[in-house]
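A.B. asks: Here is how the chains run, residue by residue.
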Amino acid sequence: MSASYSLPSELTIYAANAVRTTFQEWVRQLPKGRRAKARPDKPLVVDAANVMEIDAAGLQLLIALARSVAVKKHRLELSQPSQTLRNACTTFGLVAVLLQGAEDVP
Amino acid sequence: MSESDYDSSFIAEALPAFVSEAREHLQSLEQLLLELESRPGDRDLLDALFRSAHTIKGSAGIFGIDDVVAFTHHVEALLEQLRSGRKELTPDLSTLLLKCSDQIHLLIDAAQTQQPDTANARAIREEFVRQLRAAYEVEGMTAEPHADASRDVAAESIAGADAHWHIDVRFGPDLLRNGMDPLSILTYLATLGQLSDVACNSTDIPDLDTIDPESCYLACRFGLTTDASRERIEGAFSFVRDECVVRIEAVSPPAGLGNAPPAAESVTAAGTAASNDREVAEKNREGQIKAPAADDSRYIRVQAERLDHVINVVGELVIASAGAALLARESKHRRLIESTQLIDDLVDEIRGGALQLRMVPIGDTFARFRRTVRDTAAKLGKEINLEVSGGDTELDKSVVEHIVDPLMHLVRNALDHGIETPAQRVAAGKLPAGTLSLGACHDSGSIVIRIVDDGRGIDREKVLQRARERGLVSSDSSLTDAQTVNLIFEPGFSTAEYVTDLSGRGVGMDVVRQNIESLRGTVVVSSTPGKGSCIEIRLPLTLAIIDGFLVSIGSAKFILPLVNVIEVVETERLPDLSYESGRMVTQVRGQLLPVVDLRTLYELDSLPAERMSLVVLQAGALRFGVMVDTLLGQHQTVIKPLARIFSGLRGISGSTILGNGDVALIFDVAALSERATKTSSKRSSLSREIS
Chain A
9 MSASYSLPSE LTIYAANAVR TTFQEWVRQL PKGRRAKARP DKPLVVDAAN
59 VMEIDAAGLQ LLIALARSVA VKKHRLELSQ PSQTLRNACT TFGLVAVLLQ
109 GAEDVP
Chain B
-6 MSESDYDSSF IAEALPAFVS EAREHLQSLE QLLLELESRP GDRDLLDALF
44 RSAHTIKGSA GIFGIDDVVA FTHHVEALLE QLRSGRKELT PDLSTLLLKC
94 SDQIHLLIDA AQTQQPDTAN ARAIREEFVR QLRAAYEVEG MTAEPHADAS
144 RDVAAESIAG ADAHWHIDVR FGPDLLRNGM DPLSILTYLA TLGQLSDVAC
194 NSTDIPDLDT IDPESCYLAC RFGLTTDASR ERIEGAFSFV RDECVVRIEA
244 VSPPAGLGNA PPAAESVTAA GTAASNDREV AEKNREGQIK APAADDSRYI
294 RVQAERLDHV INVVGELVIA SAGAALLARE SKHRRLIEST QLIDDLVDEI
344 RGGALQLRMV PIGDTFARFR RTVRDTAAKL GKEINLEVSG GDTELDKSVV
394 EHIVDPLMHL VRNALDHGIE TPAQRVAAGK LPAGTLSLGA CHDSGSIVIR
444 IVDDGRGIDR EKVLQRARER GLVSSDSSLT DAQTVNLIFE PGFSTAEYVT
494 DLSGRGVGMD VVRQNIESLR GTVVVSSTPG KGSCIEIRLP LTLAIIDGFL
544 VSIGSAKFIL PLVNVIEVVE TERLPDLSYE SGRMVTQVRG QLLPVVDLRT
594 LYELDSLPAE RMSLVVLQAG ALRFGVMVDT LLGQHQTVIK PLARIFSGLR
644 GISGSTILGN GDVALIFDVA ALSERATKTS SKRSSLSREI S
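Protein chains in written order, with my numbering: chain A, 9 to 114; chain B, -6 to 684.
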């Protein structure tokens, strides 16, 4: 039962505050453990194909999102990450943290 | 607008900002060079020096000011050699660089005023370029290891061989706000070679509710295999150096690289011999020490006119608020009174804050003198130690601008006439190097600046003789020592046998005093023959708004600056006023106090009140009292300058408008104190002095 979430195309410092608010809203919408017997590994699937621009501020927010999701006993899954996002994660050593389990796009 | 129109209008608008910033960079360049003279190997200073030149060149490039770019390029090349340790900063090079910075200054002035280049100027620059090139092209890159073992020169000097580096960086919290992006830094480094084992501190990033999206929490460690030099790697961090902690180490190549070429072996040797740690000072909110030329991103540039406008409006606000408070009191409406009282308190705070905005530390001004002292001393063949103290002392910006020239003249004077040549000093039993000290401090509402030298002092006989020659004193008048020595401030006075281009023209000291007095300040000199002289300048801290003490004499109202008010005594408690050698005196707690009777002084025609008060004032070291009728309390006083017609009036420094629209005159306490201590048989009133 996941609504469809997708990352905005711009994940940079300029949009950082707005993006944070959006992410917080997503986290708020996550069902809490007591109601839906959430399994620790239940993924929150977020479509990451639209990311066109990203910088360190954007990466930070993704990490923070992953953290907040984990606190609610869910797991963040970025699906179909764009090449831009892949490159950024590779450069910054965040593949294991953010892209684990993401489908490999040929 | 066509594209080229747009460009040229952009340039025209932005050029003043470029000019002013370039001048700041030049100033810091000069400061750094002077500091480096006592710490020639200091790596951080050399880096900052290079960055200043680099920034000037870059900005000039944007504006298409090719002359600056071309000339600064050579300066930058030499500075690059200095900061990488390939060349040492000798005194000769330091002098050359100082002169080149003067040339850049001239070029920027020319760019600002759009002056065309002259053949003469071009020739001078070419000569400097020749000297610069001779300095930086001679040795170039060498493979010799430096005596300083903590540098892995071997790694740098081998071109084209892959070396492995370990980089550890913690990015500063304001990095993102300042427009930098750690991701692009790493992306750039990846283009230099191969990144490996990148590890980022993701566990340190707070969650969404705690995180500040615009702060940077990132740190990372990674390996970099590249044939680029250390400089190029460091170059990736050049814009963020002051905000990050960066460590770049050369390490032995990871096992698995197979046949390491011979070059790599020497890298290993150098690497293990001195694993090179370069930590850049981290700039954080606790305010640790940082490289001197680093721009502090906590400051904002503000146009001076805008600040002045704000302060003017604040001044009007003070008056308006006082008016409102007065009406409120008259209305006896309690809540209205409270409300206007609150407004009054807030206005007081804004006033304080606004005036603080204009305060700048005098240390910046003193710093400018280092260069002057250095060059002047060299020119005169004298050895001078310059000591500066109290650089943190703050004063109003406009006061600073007006005080620079007088101070410069006084400093030059001390160097020219005060301090002797090394030979003369040794003959007099002194150390060959003279000491000139510039000091500043606050003292009861004023800023005191002292220029002290340990030179030959002022020759009283010579001064008296010259004064008599010039008709400044009559041949039979007797002056105290202090009065004699201060004759040097009289117009037309100069005992120099010859006119140097520095001083001695006789137009100096009296203009200095006039300038200082026009700032409502005073200047006094004292001196001991053979030991030295001390010039003491006193200036008021603020020119615009002061805390005043409102008093009335008859129907006239006056303001006494609160900083000068020590206490108030009811006259009933005082012994009778008496006259002693022409002065009115009284006693307060056993101490004799000269008194000024303002009523007589200003010929105010009203009868003395039954109960008068004595306000005890202090001006500098002098204490004296004034008799007033009524005390009306503290009053925020916006100083309105007196009209020119009253400029001869001594004792009054300005006027102000009270809440009810009346005008109150503001006393010049220093002038009143002179009146109080004057011994004269005729007590002339001040009002006669106007005619």
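Mixed in with the good hints there might be a few duds.
If you anchor each label on the Cβ, the simulated ranges turn out as follows [stated by the list, open to error]:
(1) B:Gly54 - A:Tyr22: 25 to 31 Å
(2) A:Gln88 - B:His66: 17 to 23 Å
(3) A:Tyr13 - B:Arg327: 16 to 22 Å
(4) A:Val103 - B:Glu30: 19 to 25 Å
(5) B:Val353 - A:Tyr13: 52 to 58 Å
(6) B:Val353 - A:Pro51: 57 to 63 Å
(7) B:Glu30 - A:Tyr22: 44 to 50 Å
(8) B:Phe3 - A:Pro51: 19 to 25 Å
(9) B:Pro199 - A:Gln88: 26 to 32 Å
(10) B:Ser189 - A:Tyr22: 53 to 59 Å
It should be emphasised that the hints constitute simulated quantities derived from the structure, not laboratory data. The beta carbon of each residue, even a glycine, is placed where N, CA and C say it ideally should be.
A.B. asks: Hint by hint, say whether it matches the structure.
C.D. replies: Verification of the hints:
{"no.": "1", "hint": "B:Gly54 - A:Tyr22: 25 to 31 Å", "result": "holds (27 Å)"}
{"no.": "2", "hint": "A:Gln88 - B:His66: 17 to 23 Å", "result": "violated (49 Å)"}
{"no.": "3", "hint": "A:Tyr13 - B:Arg327: 16 to 22 Å", "result": "violated (60 Å)"}
{"no.": "4", "hint": "A:Val103 - B:Glu30: 19 to 25 Å", "result": "violated (52 Å)"}
{"no.": "5", "hint": "B:Val353 - A:Tyr13: 52 to 58 Å", "result": "holds (53 Å)"}
{"no.": "6", "hint": "B:Val353 - A:Pro51: 57 to 63 Å", "result": "holds (59 Å)"}
{"no.": "7", "hint": "B:Glu30 - A:Tyr22: 44 to 50 Å", "result": "holds (45 Å)"}
{"no.": "8", "hint": "B:Phe3 - A:Pro51: 19 to 25 Å", "result": "violated (51 Å)"}
{"no.": "9", "hint": "B:Pro199 - A:Gln88: 26 to 32 Å", "result": "holds (28 Å)"}
{"no.": "10", "hint": "B:Ser189 - A:Tyr22: 53 to 59 Å", "result": "violated (32 Å)"}
Checked against the numbered hints above, the structure violates hints 2, 3, 4, 8, 10; every other hint is satisfied.
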